[in-house]
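Asks: Below, each chain spelled out in residue letters.
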Amino acid sequence: MANEIVLITNSIRRLRFFAGEMTQQELADRTGVTRQTIVAIENGKYFPSLELAFRIAHTFSVQLSDVFIYNPENDPVLIKLMAKKNKK
Amino acid sequence: MGHHEKQSIVSIIGSVLVIGFYSLYVYRNYIQADMDLLNDFQFWGKSFLYLIPVAIVLQIVIHIIFAIADRIITQEDMPDITDERDKLIELKSIRISHWIFILGFMLAMGSLAMGMKPYVMFLTLISSGFIASLASEVAKIIYYRKGA
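Chains as they are written, first to last, in the numbering used here: chain A, 5 to 92; chain B, 2 to 149.
No lab work stands behind these hints, which were simulated from the structure alone. Where a beta carbon is used, it is the ideal one built from N, C-alpha and C, also for glycine. Errors might be hidden in some of the hints.
Just some of the chain B residues that point at chain A, by a computed CB distance under 10 Å [unchecked claim]:
1. Gln76
2. Pro80
3. Arg146
With a cut-off of at most 25 Å between alpha-carbon atoms, the simulated DMTMM-like pairs for lysine to aspartate or glutamate come out as follows [as the list claims (entries may be wrong)]:
4. A:Lys89 to A:Asp70
5. B:Lys118 to A:Asp79
6. A:Lys49 to B:Asp37
7. B:Lys147 to B:Asp81
Sequences and hints are given; from them, build the entire structure.
Replies: Here you go:
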């Protein structure tokens, strides 16, 4: 999916690696969700609630922005707003 | 394939079997002998009322059998938690089934408005309920595969 716009990416796989190769099941158990949900988040198929996002960051003892990275240059809403502003 | 997807497939099979056998039972034992029953409101009322508990009990039995079989085959426990993604998918699929049932309800009322026999309305209602329930399960499978 080369043309897919990636608005929010995450570093969960990398963080799991640095947490002693924590398994997806272990992370799921520590954040109170199913392993399938962790898989979906890790693959960027599901964006968690703010509460779960904070819980994941807390599990790895890092800031939220270290887990989830927002890419404003790919945000269609911002792009639209900027275009509107430039028109004026 | 995840547990939820498997559960949805089992629900679809269960619904088809329950509705299929119940319809066949009602047709063979009642309608075939007396076709006038089709226009009897009491018959339809009883058919609907009996179908609900029968469907619930049979679906529970089917799910218990599935859970036991799945545990034996995969040696894995079913997830005992329902997380935010499960709830979101549940809500999205309920919304789809809700709209399908509303459409079926409108069609059922439309059949009455066009002067069709009452049994057409009842059959449309049962069919829309059945299709709505199938659509809900299919939607769940799609959402689980998509992520949410």
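Asks: Indicate, hint by hint, whether the structure satisfies it.
Replies: Structure-based check of each hint:
{"no.": "1", "hint": "Gln76", "result": "15 Å, violated"}
{"no.": "2", "hint": "Pro80", "result": "5 Å, holds"}
{"no.": "3", "hint": "Arg146", "result": "9 Å, holds"}
{"no.": "4", "hint": "A:Lys89 to A:Asp70", "result": "31 Å, violated"}
{"no.": "5", "hint": "B:Lys118 to A:Asp79", "result": "55 Å, violated"}
{"no.": "6", "hint": "A:Lys49 to B:Asp37", "result": "54 Å, violated"}
{"no.": "7", "hint": "B:Lys147 to B:Asp81", "result": "22 Å, holds"}
Checked against the numbered hints given earlier, the structure breaks hints 1, 4, 5, 6 and satisfies all the rest.
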